[in-house]
Amino acid sequence: MKKLTALLMVLVLVLSLSACADKGAQEETSEKTEDKGSDTTTVKFWSFHAGGEAEFLEKVVKEYNDTHDDVQIEHTVVNQSDYTTTLIPTAYANGEAPDILYVEPATFTKYAEKGMLADLSPYYTDELKEDILPSALEAVTIDDKIYALPMEMETLGLFYNIDMLKDAGIDPPSTWEELYEAAKKLTTDDVYGLVLPVEEAAYTLFNWWPFMWMAGADVFDDDGNCIVDSKEMVTALDYWGRFYQEGLSPASLQIGPWDIGNVGTGAAAMQVSGTYVINAAENDYPDVNIGVVPLPSPDNNPITVAGGQKLAINAQSQCKDEAADFIFSLYGSDDITKATEWTTEAKFAYPARQSVIDNNSDTFEEGLRAVFTDFYQTAVPEPSYSAEVTDAMGKMLQQVMFGGVSSEEAAKEAQKTIEDAAKN
Amino acid sequence: MKKSNISKRKRREYLTAYAFILPDFLGLFVFVIIPIIYAFYISFFEWDFINDKVFIGAANYIRMWKDTNWWSAMLRTLKLTALYVPLLFGLSLFFAVLISTVKSRAGSFVKTSFLMPFAITSVIASTLWMFLYNEKRGYLNAVFKALGLSNQKFLGSGRQALICVIVVLLWINLGYNMILFLSAIKDIPESYYEAATLDGADRWHIFRYITFPLIRQTSIFILVTTTIASFQVLDLIMVMTKGGPAKATEVGALYIYDRSFNMMEMGYGSALSVFLFLSLLVFSFVQMRITSEEQGENV
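Residue numbers (the working numbering), protein chains in the order written: chain A, 1 to 424; chain B, 1 to 299.
Calculated directly from the structure, the hints in this document are not laboratory data. Treat the numbers as computed from the prediction; the structure is a model and nothing was measured. The beta-carbon is built from N, C-alpha and C at its ideal position, and this holds for glycine as well. Hints are supplied without guarantee of correctness; some may be wrong.
Claimed, not checked - Cβ-to-Cβ under 10 Å is the rule here; a few derived chain B residues that face chain A:
{"hint": "1", "residue": "GLY158"}
{"hint": "2", "residue": "TYR209"}
{"hint": "3", "residue": "PRO213"}
{"hint": "4", "residue": "ALA246"}
Claimed, not checked - Derived BS3-like pairs (lysine-lysine); straight-line CA-CA distance at most 27 Å:
{"hint": "5", "chain 1": "A", "residue 1": "LYS185", "chain 2": "B", "residue 2": "LYS79"}
{"hint": "6", "chain 1": "A", "residue 1": "LYS185", "chain 2": "B", "residue 2": "LYS242"}
{"hint": "7", "chain 1": "A", "residue 1": "LYS395", "chain 2": "A", "residue 2": "LYS184"}
{"hint": "8", "chain 1": "A", "residue 1": "LYS184", "chain 2": "B", "residue 2": "LYS136"}
{"hint": "9", "chain 1": "A", "residue 1": "LYS416", "chain 2": "B", "residue 2": "LYS242"}
{"hint": "10", "chain 1": "B", "residue 1": "LYS53", "chain 2": "A", "residue 2": "LYS423"}
Bound conformation, chain B alone (with noise of 0.2 Å):
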C-alpha cells in the first residue's frame, strides 16, 4: 500500500520533471538536431545554396582528403587545441586554489574581477585587445618599450597571432572556468584539510591528495567543454585577423566558413563541418575515457 504511494508520486515526479525537460529537448531538436541531420545529408551533395542539389556519393569527403589547405587549417585547430586547453585549465585552477584560500571580501571581488572578461561579447573583447596589441601605439608595445624589448606586431605578425588569439581566448574564459573550480573547491568538507592538516600534510600535499582527486567531476567538465569550444573558435579571429596574416589565423571553423559562405560551396562546407563533428565526438569520448579510467585507478 505505501509503497505503491511511493511509486505512484515518484511516476508524478518522473513526469513533472520530463515536462521541464520538453520544452529544451524541443528547442535542440529543432535548431539543433535536425540541422545536424540535414548537414550531413548535404554533405553527399553539390550544393550553391540557389541551383538543386547534385548527389556526387562521398566526393565531398574524398575532395576534403586531398584538400591541404583544410589540414593545414585544421593543424592551426589543433595546435590552439594544444596550447589553450591545458593553459586555461591549469591557470583556472591554479587561480581558484589560490582564491579559495582567501577569506576575506577581497576574495569576492578578485572572483569579481575575473569574471567580468566572460560578461563582455567575445566581438568587444576582441575590440579592447586589438587596442593592446596595437604596433605602433599599442599599450602592449609601452610595456615592452619601458621594459627596454623591441616593439613587436602581434596580430600581425605570422609567429605570433595565433598566440594572441590564445591569449584573448584564456582573458575571456579563465573567470568562468575558475569560478566552477571555485564552487567545485567549495563543496569538499572543511574537516578532511583539518585532518589532513593535523597529519601533517603541507599545501602540495593537501593539493594533491584531497582537493584535485575530489574536483575531478568538474575538471572532466571543464576539459571536455573547452576542447569542444577551442575547435569552434570563430568569432574572435574574424573580428581580429580573418585568418591572416597569410592565413596563420586561419582555423578549421573559419575555412568551413569561406567555404560555405565565400565560395558558395555548401555541400563541400557541410561535409568538413561533419568530419568536424565526428572527430569532436571521438575525442571528446576518449578524453572523458581516458579519465574515468584513471579514476578507477585511484580508487
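So that you can see chain A by itself, here it is in the shape it has in the complex (with noise of 0.2 Å):
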C-alpha cells in the first residue's frame, strides 16, 4: 500500500510539472468564432504586428468591416514569437486555424509543401501581377501556384556609428577585407566591433545568405543539386566565423540582433540590420548619428537579401473568397492607397509593387532610405527551403561560430545532412 501510494505520489507530481509547459498554448488557441447572424461570413485573421503597424492594421478592419454588411473580419492579435512556432501550427491540428495569416520566407515552403495554404493565382490579375516586383513573386510561387501576397520587401544593409568610426578614422567599409578590420579596429573592452546574429534562428540564416552568395556559394545549384560542400562555402564561412572566433562579434545577444539599439546605445559601432530599424534609429537614439552602407561585398559588388511578410489564405478556409477580397483590397488593388499606407507611414519597408514606389519616389529618398532605395531593386528573395535543409544551415553555422568546427568540416556535414533528408 504504502508502495502504490508512492507511486502514485510520484506520478501525479510528474503529471503536474509536466503540465505547465503546455499551458499557455492552450489559452491563446481557444477561442470561438462568434456568429453576428446567419447569413454573415466570418473571416478570422491572426497578426502579430505592434504600435503604428497595429493601429493600421486595426484601421483597414474597422474600414472594412463598416462597409461590408455580410462579410465580417475578426482579427486577433496574437504573441510574434509564438506564431510561426506553436499557435499556427496547434490551430491547425485541431480546426481552429484563422482564414488568413502571415507567412515568411522560414515558414513559406513548410506551410505550401504541408497543403497549408490556399492556392491564390485565380484572384491575381494580370496588372497585379506586372505591377509586383518578379523577384517578389517568384518568392512565392510554387510550380505555377501563387500561395501568398507580398506586400513588402525588407533589406540589409550595415548601420554604423558615425562618430565612432570617424574617431576612429574609419571610413564606412565597402569591402569585407575593410568591414574586418573596422571591425577589429572598433573592437574595445566595452564595444563590440560588429553585431551580427547569434542564435540557431531563422533570423541568423537571413543575414547570412547575402554573405554566402557574395562568396559565390549557395544551397543548391539551378538544377537542384546539394552544393553546401564547396570552396566557394568554406570561404564565406571562414569569414563569417572569424568575427565571433575572434571576439569582434558578441557571442551572446541582450537584445535582438535586429534592435538598433546595439549601436544606439553604443554597446556596438556597427550592425548589419534591416530597413525595418530606420524608423527607429531616426526617432529613439536621435542624439546617435547613425549611418547605413550596402553590405560591404569580397570586390564591392554588394548583394542583398529581401525578406518580408506575406498574407496568405488557410487551404481548410470555407470563405476563401471573402478572405481573398480583403486581403487583395489592402495590398493587390489598382487603388494603391492603403499599400502605400503600410510602406511608407505604418511602417518602412519596401513596396512589392512598382507602382507605389514609382509614386512615392519622393519617400524612398529621404535620409537612411536613398541608401537602400539604390540597391533594393537588385535584392535577392530570402530564399524558403525545408525544415529541414534549414535546420542543418543553421547548425553549420553554429559549428563555425561556437562550435570549434573547421568551415570544411561543417560544410560537408550540412551537405550530409541536406543529402540524407532528400532520399527520405
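The task is to assemble the complex, starting from two chains supplied on their own in separate frames and drawing on the hints.
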C-alpha cells in the first residue's frame, strides 16, 4: 500500500509538473468564432504587429467591416514569437486556424509543402502580376501556383555609429577586408566592432544568405543539387566565423540582433540590420549619429537579401473568396493607397509593387532610406527552404561560430544531412 | 450505536473530502492525464499537425534510439540534473539551518530576500541575469575585472553556458526550497535540541543526528521535485541561449520542442516526450525507493 501511494504520488508530481509547459498554448487557441448573424460570413485574421503597424491593421479592418454587411473580419492579435512556432501549427491541428495568416520565407515553403496554404492565383489579375516585382512574386510561387500576397520587402544593410568610425579614422567599409579591419579596430573592452546575429534561428540565416551569395556559394545549384560542400562556402564560413572567433562580434546578445539599440546605445560600432529599423534609428536614438551603407562585399559588388511578411489564406478555410477579397483590397488593388500607407507610414519597408515605388519616389529617397533604394531592386528574395535544410544550415553556422569546428567539416556535414534528408 | 454514528460521520467527512478534491482531479484528468495518453497514442504515428496521421508502429522509437542529437541533448539534461539537484539541495539546507538559528527580525528579512527571486517570472529573471552575464558591460565581468580576473563570455561560451543557466535556476529556486526545509526544521520539538545540548552534542552532531533525520520527508520531496523540474527546464534556456552556443545548452526538453514545433514532427516529438516521461517516472521511483530503504536501516 505504501509503495502504491508512493508511486501514485510520483505520478501525480510528474504529471502536474509536465502540465505547465502547454498551458500557454491552450489558452490562446481556445477562442471561438462568434457568428454575428446567420448570413454573415466571419473571416478570422491573426496578426502579431505592434505600434503603428497594429494601428494600421485595426483601422483597415474597421473600415472593411463598416462597409461590408455580409462579411466581417475578426481580427486577433497574438504574440509574434509564438505565431509561427506553436500557435499556427496547433491551430491547424484542431481546426481553429485563422482564414488569413502571415507567412515569411522561413515558414512559407514548410507550410506550402504541407498543403496548409490556398492557391491564390485565381485572385491575381494580370495587371497585379506585372506590377509586383518579379523576384517578390517568384518567391511565393511554387509550380505555377501563387500561395501568398507579398506586401513589403525588407532588405539588409550595414548600420554604423558615424562618430565612432570618424574618431577611429575609419571610412564606412565597402569591402570584406575593410569590414573586418574596421571591426577589429573598433572592438574595445566596452564596445563590439560588429553585431551579427547569434542564435540558431531563421533570422541568423536571413543575415547569412547575402554573405554566402557574395562569396559565390549557394545551397542548391540551378538543377537542385546540393552544393553546400564547396570552396566558396568555406570562404564565406571562414569570413563569417572570424568575427565570432576573434571576439569582434558578441557570442550572446541581450537584445535582438535586429534591434538598432545595439548601435544606438553605443554597445556596438556597427551592426547588420534592415530597413525595418530605420524609423527606430531616427526616432529612438536622435542623439546618436547612425549611418548606413550597403553590405560590404569581397569585390565591391554588394548583394542584399529581401525578406518580409506575406499574407496567405488557409487551405482549409470555408471562406477563401471573402478572405481573398479583404487582403487583395489592401495590397492587391488598383487603388494603391493602403499598400502605400503600409510601407511608408505604418512602417518603413519597400513595397512589393512598382507602382507604389513610382508614386512615392520622395519618401524612398529620404535620409537613410536612399541607401537602400539605390540597390534594393537587385535584392535577392530570401530563400525558403524545407525545415530539414534550414536546420542543417543553422547547425553548420553554429558549429563554425561557436563549436570550434572547421568550415570544411561543417560544410561537409551540412551537405550530408541535406542529401540524406532528400533521400527519405 | 455510538460506533455506527462515528462511521456515518466519518463517511460524510470522506465524502466532503473527496468533493473538495474532485474539481482538482477533473482538471488534472482533462488537462494532464488525457493529453499524456494522447501523446502516447500519437507517438506511434507520423503526424505534422496538418495532414492525416499515419500509423508507423514503433518507428518513432527506433528513430529515437538512433538519433545521436537526441542522446547528446539528453546527456546535457543529465549533466544539468547532476549539477543542479545536489547544489540546490545542499545550499537550501545549509541556509535553512543557518537561518533557523537566527531568532531576531533579521531572520525574516533574510528569508524574504531569499524567496523574492521565486516570485519573479522566469523570463524576467533570465533577462535580469543576461545583464549580469553581458560580456562587455555586465556587472559580473566588472567584478572579475576588479579582482584582476579576465573577461568571461558566460552565456556566449560553450563551456560556461550550461553552468550559467544552472546558476540562474539556483537563484530562482533556492529561497522556496529553503523555506520548505525551514518549516520542517521548525516542526522539530525544541526539547530534542535541549536534551542533546545537555548531553554535550556539538552543532554537527545535532544536525547529523537530530535535524537531518527528522526532516527526511521534506528532503525526499525536494529531491524528487527538483529532479523532475530539472528535466523540464525550457523557458530559461529559450530566453537566454535558445540552446546555443553551438547546441551547448540544447537540453532534452528543448530538443523535443524544436522537433515538435519547428520541424512539425509531432509524432516524433511525442515519442521523445513519452520516453522522457517514463525515464522520469523510473528515476523518481528509484530515488524514493533508495531513500525509503535508508529509512528502514536507520530505524
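Each hint, compared with the structure:
no. : hint                : result
1   : GLY158              : holds, 6 Å
2   : TYR209              : violated, 25 Å
3   : PRO213              : violated, 19 Å
4   : ALA246              : holds, 3 Å
5   : LYS185/A x LYS79/B  : violated, 39 Å
6   : LYS185/A x LYS242/B : violated, 30 Å
7   : LYS395/A x LYS184/A : holds, 26 Å
8   : LYS184/A x LYS136/B : holds, 15 Å
9   : LYS416/A x LYS242/B : holds, 24 Å
10  : LYS53/B x LYS423/A  : holds, 22 Å
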